[in-house]
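Number of protein chains: 2
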Amino acid sequence: MKFSYVCMALLLAGSARGTFAAEVSSPDGNIKVNFSVVEGRPTYEMSYKGKPVILPSTLGLELIGSTDLMDKFEEKNVTYSEFDETWQPVWGENKEIRNHYREMFVELAQPPHGRFMNIRFRVYDDGMGLRYEFPQQQYLDYFPVREEHTQFAMAGDHTAWWIAGDYDTQEYDYTESRLSEIRGLMKSAICSNASQTQFSPTGVQTSLQMKTDDGLYINIHEAALVNYSCMHLNLDDKNMVFESWLTPDAQGVKAYVQTPDHTPWRTVMVSDDARDMLASNLILNLNEPCAYEDTSWIKPVKYVGVWWEMIGGGKQWSYTYDLPSVKLDNLDYSKTKCHGEHPANTENVKRYIDFAAEHGFDQVLVEGWNVGWEDWFGKSKDYVFDFVTPYPDFDIDYLNEYAHSKGVRLMMHHETSGSVRNYERHMEAAYNLMDKYGYNAVKSGYVGNMIPRGEHHYGQWLNNHYLYAVTEAAKHKIMVNAHEAVRPTGLCRTYPNLIGNESARGTEYEAFAGNKPSHTTVLPFTRLQGGPMDYTPGIFEMDMKKINPNSAGHVNSTLARQLALYVTMYSPLQMAADIPENYNRFMDAFQFIKDVAVDWDESRYLEAEPGQYIVAARKAKGKDEWYVGCTAGEKGHTSDLKLDFLDKGRKYEAVIYADAKDAHYLDNPQAYTITRKTVTDKSRLKLAAAPGGGYAISIKPLDL
Amino acid sequence: MKFSYVCMALLLAGSARGTFAAEVSSPDGNIKVNFSVVEGRPTYEMSYKGKPVILPSTLGLELIGSTDLMDKFEEKNVTYSEFDETWQPVWGENKEIRNHYREMFVELAQPPHGRFMNIRFRVYDDGMGLRYEFPQQQYLDYFPVREEHTQFAMAGDHTAWWIAGDYDTQEYDYTESRLSEIRGLMKSAICSNASQTQFSPTGVQTSLQMKTDDGLYINIHEAALVNYSCMHLNLDDKNMVFESWLTPDAQGVKAYVQTPDHTPWRTVMVSDDARDMLASNLILNLNEPCAYEDTSWIKPVKYVGVWWEMIGGGKQWSYTYDLPSVKLDNLDYSKTKCHGEHPANTENVKRYIDFAAEHGFDQVLVEGWNVGWEDWFGKSKDYVFDFVTPYPDFDIDYLNEYAHSKGVRLMMHHETSGSVRNYERHMEAAYNLMDKYGYNAVKSGYVGNMIPRGEHHYGQWLNNHYLYAVTEAAKHKIMVNAHEAVRPTGLCRTYPNLIGNESARGTEYEAFAGNKPSHTTVLPFTRLQGGPMDYTPGIFEMDMKKINPNSAGHVNSTLARQLALYVTMYSPLQMAADIPENYNRFMDAFQFIKDVAVDWDESRYLEAEPGQYIVAARKAKGKDEWYVGCTAGEKGHTSDLKLDFLDKGRKYEAVIYADAKDAHYLDNPQAYTITRKTVTDKSRLKLAAAPGGGYAISIKPLDL
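These protein sequence lines map, in sequence, to chains A and B. Using numbering that gives the first Met the number 0, the letters of the first sequence correspond one by one to residues 0 to 703. Using numbering that gives the first Met the number 0, the letters of the second sequence correspond one by one to residues 0 to 703.
Some hints could be false.
One copy or two, it doesn't matter: identical chains are merged, so the pair holds either way.
Stated by the list, open to error - Heads up, simulated DSS-like pairs for lysine-lysine below, C-alpha to C-alpha not over 27 Å straight-line: (1) Lys-699 - Lys-349; (2) Lys-641 - Lys-685; (3) Lys-71 - Lys-378; (4) Lys-94 - Lys-298; (5) Lys-474 - Lys-326; (6) Lys-660 - Lys-634; (7) Lys-476 - Lys-435; (8) Lys-334 - Lys-650; (9) Lys-681 - Lys-349; (10) Lys-435 - Lys-474; (11) Lys-237 - Lys-515; (12) Lys-685 - Lys-237; (13) Lys-699 - Lys-186; (14) Lys-647 - Lys-620.
Please keep in mind that the hints were generated in silico from the structure rather than gathered at the bench.
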């Protein structure tokens, strides 16, 4: 299918927006994506049930040192196909995932330069993905990218839930505003971080959730970010056109490409039902199948840890105050005095192991176990940790043996301080140490500015590193939970030992400065689109003064909602983040955390509105148990739940952990009720969530 | 010893150049170094036999983000000491080295900022070293350096042998000129290189050899370059003041320092006898003692290799022309056709092994043995080599077995293409492969721009890497010969498995474009000050057309001088670089290369003048044999050699390989004579070197 310019001009004459040469629609016909070359520029548009989602938008890349891949294109060929399969994730929200799309593969030529570029569209019932493909060819082998110019032209001044575009942090609170208000609100949307680099007053991050005035939910993100830099969106707020804005390297180059290659998928999800945004598997489906033959060693994890004592409690990762400047090469901690505020000590960790064993947790995370924390941070220090040497008061041998004797594992912690060359140099030894002592999961961290200096957290260099850490870990059968790494884009389908990421404001910010009460009603629409988040819920004591007199922190959530997060924030890795003392005070509520599953056969989103509320129901893996969670924003939420997902006619006991009537996230967060009810698939439950509140329900069959 | 400003002012009044508060002289008293704080600035000067070497010059560092370490200093204390020891190098020009110096340790305070910096001077009979030391302190823990401002004020418009300052290459021909002429000659002093970054029209590299009008030889370099960036010199050519100019990183930062720390030594060698420059051990002495307990596995190496066929002969490192773009991840060479110009094949390598075995060489280097060479270069490619996978026509198993059966080893080759993260990721596997097959030496290479992109070959990041490669190799008992790495600064004392470096124009440039005939009369004064060079001499066919019809290359040397280089260019690693066919044509001359030692008990420099000639005599390690070499520049050289270094009264046979009378490097380079003579310690030899010529002598006792 080859169109001459004359022919195109004639076609274009027929429509103000252009007449498109090629079209593909979703299997259900609701979504249509059109493509054409308009005056030499690749152009697409997208609609949903006849409503515009993406107005005509151009595609292309600006290169460094050679002619851009922006214009002078001609269509060579368009191929259509359909794909439908059902696959089983190693872990997930559902035991089976259907991957059903229609594809339009557009082959383009740039005749003046003898070059070729293709664009592949895949259209699902809930959205579409497009990516650039660069076949091997004579006049395009290696090229540095100055910028990718993928446009997403919005059809109106939508409402968006956004965080500031930044090359180095995603740890911002979400702002809800019109697109036209982003510029004015940008300053107030930014808080300080150990490493941060904004680039534009209208720059935002993906996944970006929007809602149109006529009730369409639109989400822009990317899938399968491999060996490329992470995409942000920059808004032309006169025309409401978003354009891709890649993360640069130390020299300002945005990507290095070697043909044959392709970009990650650029995704647009759309529905008139907010729940479809949450239920979508589009991002996972656009990723490659699992790369590992044996995945038997990958297992969801529920864990506690030596962490909140430091984050919220003011204790230290470090061991001593005697070392203003640490050089690991010639360091002898035995000559230093412990400051006594180091919870990663043998006795305390043993206490956590006992707690984990008693309550059925799989693992105990211990942060601050290894030498170097005395000056780990903010100094552009290269050799900051060796990842293998424990502090003198952490008996690594004994503690692992003790944990194993109780059916528990320790979870490893590798803070890199952003010094990535150093981490890679020590990685093999670090993973070997884990093998030796029986660790099978590591929480890694990338706090602070990156080394190699000038590189950014979300650039191609680091994205390559994060995946390297995951694939190297796989050789040791180790699962990875990387904090401060790039936001996930569904790679956990291909590399399912990537069991978690942070990549957003987690619970720790409740101790630092507080998240907005609506935070957990937004995250599943945005951050969680790409993969699970190690959100670390389960905080029972909201007044941080209670564990640290110097703290002004407050957890902007009711206790009941803390339980709900184990259901609403899907993750195969769930922490009970509070200290054992606080759980001991509320053992009846803690029962829910003990009961709740971390892997699922089925998930349903019952009610959802970004920034307002999310209600999810999930059926535990291999069990007839269901768990329901509701998280609500500032206004609270009233639910009228139909339990029609239960087996017909079967009787269940529902245990409902709900906000008490006078509960409020600010001044009465620990007011909750626990109610037991017999329910069936015909039951309806009317439940109320307080402001910043929620509820959690466990539903178990009575006939077992 | 604390001077107030008032006191200093009074003292300064007494002298135009200032009166110095502290002084230290060399053990023989010829060199004096004075130090004082002048108007708050650390200042030193240096003289030799009463003649000025360094006029008053200031010391200091400009920092980023905090107050400079430039001024407002006060002297706190000065400590004097003397040190005298004799140590044994693992390999070297002499079996014993005396390290005898007087030290002046100046402790400075910067009272307005509560900070401390010390300067340590060590003065030898043949020069001095100074370095900055930064003790651990409250107000100076980590600091980035904008520039180090160490001045070297010259006392006149000296003659210098210099190459252009460059962050990425040292492969320039030397220019001989007055200091004042550098600016005008800079453009013509620069030739193209795969990676190069000049910084100033008066920027030059160290080691910089100079000569004053009154006959002093002065050399500026650095010693013990560890975890810091490499120093260049920038000339203020109005005042003839050199100042240190460090190599920046990707962000323009010149060094990152964590206290306690110190800079490398900045060295100034001086003598009125050029031979003292060559005989000096000052650079080695300023390095730390050997870091390894066991050094029994480190052995000098004489080798041949599959290399000149490509460099001079136009053959290929690559295997096929079928792959315009190589991705190692999914590559199958078995589907490609070998282009037939790949000398690293089993049959040809076997031929080199046979040749090495027949003529007593230790090793056979093979370049182009491993996959990836089809697009290795100039593309900023990250994953360019895996360092473990041989080409299909290189039977690594068989060839190593075959070599070992003949008492020969293969030498490994690791070209990194400057992609250093990739090399570090594969390093352990690469060294393990070497262990498996019995390789114990690797030639590594860093051709092209560096990755991490924006980093330079001589910056702190890469200097850290080069040393990492050496110390990791030591864990495998592997010796390293790194090409395109930073110029050596005596680190081979501490890490003697660093048996070679390139770091200058080697013989390969004879094939590319030719080195000046004087090149090898300069290198021992400059490049070799820091450590041995893998110069790869021994070219017998000077007309490159003879092995490659497409070549216009010519080796600017006579054949006799090629023999001499094995003596004049000291190295424990010596290649016979030409192809076996060319050696077979001149077996009588080749005998010298077979005979000459690669490790020595004693070395003497008999005659020397930079740019003109060098005559060296060396006594073979553990033997009573002496080898003499002479290399001469454009004018040739006539020697009158006293053999008084021979054992008194003993008779020796001298075999003299000399230029024939009509020899000339340009049009008659292969005209040589071989003469046998009986000599004693009373003998005098009158010998003539042709233009670009030289001679070589082996002297063996007749009474054995």
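Results for each hint:
| no. | hint | in the structure |
| --- | --- | --- |
| 1 | Lys-699 - Lys-349 | neither (33 Å within a copy, 75 Å between copies) |
| 2 | Lys-641 - Lys-685 | within (9 Å within a copy, 111 Å between copies) |
| 3 | Lys-71 - Lys-378 | between (49 Å within a copy, 26 Å between copies) |
| 4 | Lys-94 - Lys-298 | within (14 Å within a copy, 62 Å between copies) |
| 5 | Lys-474 - Lys-326 | between (31 Å within a copy, 21 Å between copies) |
| 6 | Lys-660 - Lys-634 | within (14 Å within a copy, 103 Å between copies) |
| 7 | Lys-476 - Lys-435 | both (12 Å within a copy, 26 Å between copies) |
| 8 | Lys-334 - Lys-650 | neither (65 Å within a copy, 64 Å between copies) |
| 9 | Lys-681 - Lys-349 | neither (47 Å within a copy, 83 Å between copies) |
| 10 | Lys-435 - Lys-474 | both (14 Å within a copy, 21 Å between copies) |
| 11 | Lys-237 - Lys-515 | neither (29 Å within a copy, 65 Å between copies) |
| 12 | Lys-685 - Lys-237 | neither (45 Å within a copy, 89 Å between copies) |
| 13 | Lys-699 - Lys-186 | neither (48 Å within a copy, 83 Å between copies) |
| 14 | Lys-647 - Lys-620 | within (19 Å within a copy, 93 Å between copies) |
In summary, the structure is inconsistent with hints 1, 8, 9, 11, 12 and 13 from the numbered list given earlier, while agreeing with the others.
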